Amino acid sequence: MTEPEQDSYQDGNALAGPLREIFAVDVTAALGQCVHCGLSGPIASLRVYGPGPGMVARCPGCEEVVLRLVRGPDSAWLDMRGTVNLRIPLPG
Amino acid sequence: MGFISRGFRGRPRDEGVKLPPGQYLVHDFPVLSAGPTPRVPLDRWEFAIDTEDGKTHRWSWQELMALPSETPTVDLHCVTKWSKLGTAWKGVSLDTLFADVESSAEYALVYSYGGYTTNLPVEDLLDGKAWITYEFDGEELAPAHGGPARLLVPHLYLWKSAKWVQGIRLLNEDWPGFWETAGYHNYGDPWREQRYQGD
Amino acid sequence: MRRLAWHVAKLAEIRDETPTARTLVLDIPGWPGHLAGQHVDVRLTAEDGYSTQRSYSIASAADGERVDLTVQRVADGEVSPYLTEELRPGDELEIRGPVGGWFVWRPDGTRPVLLVGGGSGIVPLMAMIRAREQAGSRTPFRLLYSLREPGERYYAEELRKPISGLDVTYLYTRVVPDGWARPAGRVTVADVNTGGWPAEFRPECFVCGPTGFVETVSDILLAMGHDATAIKTERFGPTGG
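So the sequence lines, in the order shown, correspond to chains A, B and C.
Just so you know, the first sequence maps onto residues 1 to 92 in the UniProt record's numbering.
Just so you know, the second sequence maps onto residues 1 to 199 in the UniProt record's numbering.
Just so you know, the third sequence maps onto residues 1 to 241 in the UniProt record's numbering.
Because the hints were derived from the structure by calculation, they are not lab data.
In this text the structure is predicted, and so the values were computed from the model without any measurement.
Where is the CB? At the ideal position from N, CA and C, for every residue including glycine.
A hint or two may mislead.
Looking from chain B toward chain C, a few residues come up when the C-beta cut is under 10 Å (computed) [what the hints assert, rightly or not]:
1) Gly2
2) Phe8
3) Ser103
4) Lys129
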């Protein structure tokens, strides 16, 4: 029996560039909570699969989808259905 | 015209073969994934067709292997712009699997082990256009490429050819799948370059 | 902060790090500065409009409009061979950044720092070492640098000179120098125990490298009692070169 190949994914850090194209602040340092298992953590700690056909960020606890981002030539599609909310550090 | 990177050509894109618009040729077989690779033991593997009336037709691995197989050689076109020509597969035609299925549904939602989904019209699964495949290039289909079994619908972009296929749900209404709800085109014909919604 | 746009950078200089890795020294007009650990996106566009992009970690501390990227050439890659072999000083390159606000070290940090790099995962960690020096910070740093063989060391000269408050440990996985005490092999609990910090010191840990390497080191750190929130990771994943 051969050892299964390891899945290759990146950290949520990889979302920094694509999300900074959309948001005026860095969202990867924001804290989010997973809708599926309730785990909280920074967007940077998600497991990101892709980049093609799109970036799929999964919860490191339960592997369910937290966020999806597809960049077309003249639009981006952002789906954040897997996060309860985001706590974004902002200067006072 | 925008910025040009001096001397950058990228991967070869014109080798004198006719490809769908915007595609380039590859000779390897890139692996794209939207999640962890599911591992499904064959003794627990099952494929199902669920009809709009709530009937379910199921096949175990042994039952699938016992069905007559075909060996299509087809071209693959991925929406991320690579195409791979003349790929050799072995699998069961969906015409065979649908032979005893009574349905008048027009839409299909394909679902996979691991939670992936994709939608397409039922007619695109029939008449020799689609297979449940389990061998690629004479070898059993590797998990990275969708093994143990993968849907193959080569006339549409490759995201419609669901890896790790588990079943097909027949529906009276269209139900967009994983990429179709995230900006990708609902139908995905490479020759009409239907990549994104609105194309 | 504004939403990000693409800048046009000019290549000022190229430095060889190893036979297959080069540092690109870029001048980027309008560069807003960066934090150590941040990365940039690089976009290449061919004459027929074909375009592709990759992310690269910044290797340098903030220095006006000057930014260093170190790029490892991937044999079958599409972008890295262009960046390491085709690009000449004076050429222009489209850059977007800096991005990433999580995997960063700020010079006002006072907790000890553990840096664990696998292969070209050293790059953002080097930016942290350089930012520490530039700021005159006395925060104690320890670096564990895992790589196949001595010839693959990046920044070899710079790391050879002793830097006060920085301990460097090389972990060779395939080939070791003559007389090297540690046999060649992958990173172990003993390596992290000896070359890192005890969990009671509450260090900030930065781990960067290929997915499997980062996984292994994170597991070791957790098993040693380090707090999960103090371990920041950056995995390369499938870049396609």
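We went through each hint and held it up to the structure:
Satisfaction of the interface hint for B:Gly2 is found here, the shortest Cβ-Cβ separation to chain C being roughly 7 Å, below the 10 Å cut-off. The interface hint given for B:Phe8 is met, as the beta carbon of that residue sits about 5 Å from the closest beta carbon of chain C, less than 10 Å. For B:Ser103, the shortest C-beta to C-beta distance to chain C is roughly 39 Å, which exceeds 10 Å, and the interface hint is violated. Annotation: B:Lys129 was flagged as interfacial toward chain C, and the flag is violated, the nearest CB pair being 30 Å apart, outside 10 Å.
Going down the numbered hints, you'll see the structure goes against 3 and 4, while the others check out.
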